[in-house]
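Student: Each chain is listed here by its residues.
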Amino acid sequence: MEAGGIPTVVIGVHAFRDRLAAMRLPRTVITPHPMGRTLGAPKDDETQKQVILAALDLLETAQKPGKIIDLPGRYRL
Amino acid sequence: MSDDNQHQETFEDFKNSFNYGSRSDLNFKFLKNLSGEDASHFFQELLWKIGDSFNDGDFTRVVDHVNETQAKAYAGVGRFTYDDSPFTPLRAPLSQLRLGLMTSSGHFVAGDDPKPFGVENMSQQEAETRIDDFLKVEPQLSVIPMDTSIEKLRVRHGGYDVRASMADPNVNFPISRLAELQAEGRIGELASDAYSFVGAASQLRLLNHTGPEWVRMFQEKKIDALLLVPV
Chain S
1 MEAGGIPTVV IGVHAFRDRL AAMRLPRTVI TPHPMGRTLG APKDDETQKQ VILAALDLLE
61 TAQKPGKIID LPGRYRL
Chain U
78 MSDDNQHQET FEDFKNSFNY GSRSDLNFKF LKNLSGEDAS HFFQELLWKI GDSFNDGDFT
138 RVVDHVNETQ AKAYAGVGRF TYDDSPFTPL RAPLSQLRLG LMTSSGHFVA GDDPKPFGVE
198 NMSQQEAETR IDDFLKVEPQ LSVIPMDTSI EKLRVRHGGY DVRASMADPN VNFPISRLAE
258 LQAEGRIGEL ASDAYSFVGA ASQLRLLNHT GPEWVRMFQE KKIDALLLVP V
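Sequence order for the protein chains is S and U. Start counting the first sequence at 1; every next residue gets the next number (the working numbering). Start counting the second sequence at 78; every next residue gets the next number (the working numbering).
Mixed in with the good hints, there may be bad ones.
[Said to hold, decoys possible] Which stretches of chain U does chain S cover? Using the computed rule of at least three CB atoms under 8 Å from a CB of chain S, they are:
id: 1; region: 148–162
id: 2; region: 248–260
[To be verified] Derived, one-sided and incomplete: chain S residues facing chain U with beta-carbon distance under 10 Å:
id: 3; residue: M1
id: 4; residue: L20
id: 5; residue: P34
id: 6; residue: D45
id: 7; residue: K64
Read the hints as simulated data drawn from the structure, not as lab findings. Every residue, glycine too, gets a C-beta built ideally from N, C-alpha and C.
Okay, chain U solo, but in the shape it has when bound (with noise of 0.2 Å):
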C-alpha cells in the first residue's frame, strides 16, 4: 500500500506541475513536453544564462532561451493534417478591400462578457482551472467593434499567459496597428467589428459547426479578406 504522506516529489512530477497542475504556469507549461533529461538541462542553462545576466544586466540571453526552448517543446504536427487546401485569390489590392481581424486571444470588450458556462466575471485562474471544460464546448465569438478603445478591451483563455495580451493587446489582437495601417492608406478599409475567441475549444465542433456559421457571417458583411491570429 503507497502511503501518500511519504510520496516524495520526483522531478518529473515537478516538471509536469506546471502544466495545469500544483505550479501552473501557463509561459512554463511547454516543460511537461520535454524529457526528464531535456527539462534538466533547461534549468541548468537556465540558471547558468541568468549568472551572466547578473554581471552585464543583459537578459535576452534568458529570454532567448526560454523562447527556444519552448518551441522545441512544441515541434511536431498535431492532430490536424491536411494534404491540400481550398485558396481564394485576392481579388485587387487591399488598398482597395475590406479587411476583417478573428483571433483566438480571448478579449471581448468590457461590459460584454461572454460568460463561459454562465459565470459571471470568471478569472483568468478559474478559466486555467476548467481548461478541461473549455475543450469539450463549442467557441463563443466575442463581437468588438473595431474603433474599440484598447483600454476598453479585457482578455481570458484559460491556454495562455494573457498578461502581455492585457498590458497591451495589440501582441496579438492588433486592432491599433490595422488602424494606423488603414490610415496610411496601405488598408482601404477595415471591417467595423474584429472577433475574438477562446481558442481552446472543441477543435471538432469547431471545424463542423462554428467555423461555417462564421465564414456565412463574414460574406454577409461583406469582408474581402481576413487576418487571422490564433494563438
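Isolated chain S, as found in the complex (with noise of 0.2 Å):
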C-alpha cells in the first residue's frame, strides 16, 4: 500500500503484537483486547472510537515507518 503511495495504519491485538513487529509496519496501533475483538467489546462505542482515533493521531503525526503505539487499558465489558 505504501509503496503504491497510500498511507496505511494497523490495528492490531496485544497477541499479535511480536508478529506485527517483524513486519516492521508504517504505523500500528496495538490494543489490549481479545483477539476477534480487536477495537473493544461489542456496544463499546466509546472505547471503539478511542483506538481510532490513536489510529488517525498515528496516521497523520508518524514521520518514518515503524511507530508502533501501545494503548494503555485493559478489556472491558
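Since each chain comes alone in its own frame, lean on the hints to assemble the complex.
Tutor: Here it is in C-alpha cells:
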C-alpha cells in the first residue's frame, strides 16, 4: 500500500504484537483486547472510538515507518 | 499393535482438541501453543478465579486471565519478518482527505455472499472445518458500501470466534464509528466502499498477487489513506 502511495495504519491486538512488530509495518496501534475484538467489546462504542482516534492521530503524526503505539487499559465489557 | 478403543485421552490431547479438534473453540485454540505445564496452570488459575468471582460477582479477573494467557500463547514472531518498510507520509490533515477501511474480519453484505468454494450459505462451523482449504487459496474481497446498515452485515471466518463481530461488527469492522468521526469532522470523507476478506488465506498469494491488485483499485478510487484491521 505504502509503496503504491497510500498511507496506512494497522490496528492489532496485543496477542499479535510480536508478529506485527516483526513486519516493520509503517504505523501500528496495539490494543489490549482479545483476538477477534480488536477495537473493543461489542457495543463499547466509546472504547472503539478511542482506538480509531489513536490510529488516525498516528496516521497524521508519523514521520517515519515502524512506529508502534501500545494503548493502555484492559478489555472491558 | 495399538488398540484405538483402549486409547486414553491424555491432557496433551485434551488441550489440543480446542484447536480445530473434537472440542474446537476458536477463543481457546491458543491452548495448543501452551506447554502441558502452562496449560495446566491456566486451568487451575481459571477455576480459582471463577471461585472468587462466585463470591463478588466480578468476572473481570476471569476475562483478564484468558486474555493475558491468549497473548502469551501467541507471543513470538511469525513467518514474515522485514527489516524495513516503504512509507508514504500523509499529505494533509485527515479532515481534508478521503479515508478507506479494509479488514480481514470476513464481513460481507447479506445477499452478496462471497460463496467460498462455491458453497451457498456456508456455515461458520463449515468454515472452521475447512480452514485448511481456506489457507490454500487467494482471499476474496467483499466490497461493502460504507453506508451499509450494520443489520445487513454478515460475517464468516474459520480462524476466529465471530460471535462478537455478529453482535457488533464495529469490534473489527468499524463502519459505524467511522461514520460518526466523519460527521464530527475528524475525517474529511469516507471512501464509498469498505472492504473485508477472510484473513485465513494463502499469505504468499495475498502478498504477491492479490495485494498488488487491491492497491491498484484503491489508487483508482482515490483513497488517500487506509485504516487496516487484521484479525
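Student: None of the hints should be skipped; say for each whether it holds.
Tutor: Going through the hints against the structure:
1. 148–162: holds (count 13)
2. 248–260: With 8 residues close enough to chain S, the hint holds.
3. M1: 6 Å, holds
4. L20: Result: holds, 8 Å to nearest chain U Cβ.
5. P34: 5 Å, holds
6. D45: With Cβ-Cβ at 7 Å, under 10 Å, it holds.
7. K64: 6 Å, holds
When each numbered hint is compared with the structure, no violation occurs for any of them.
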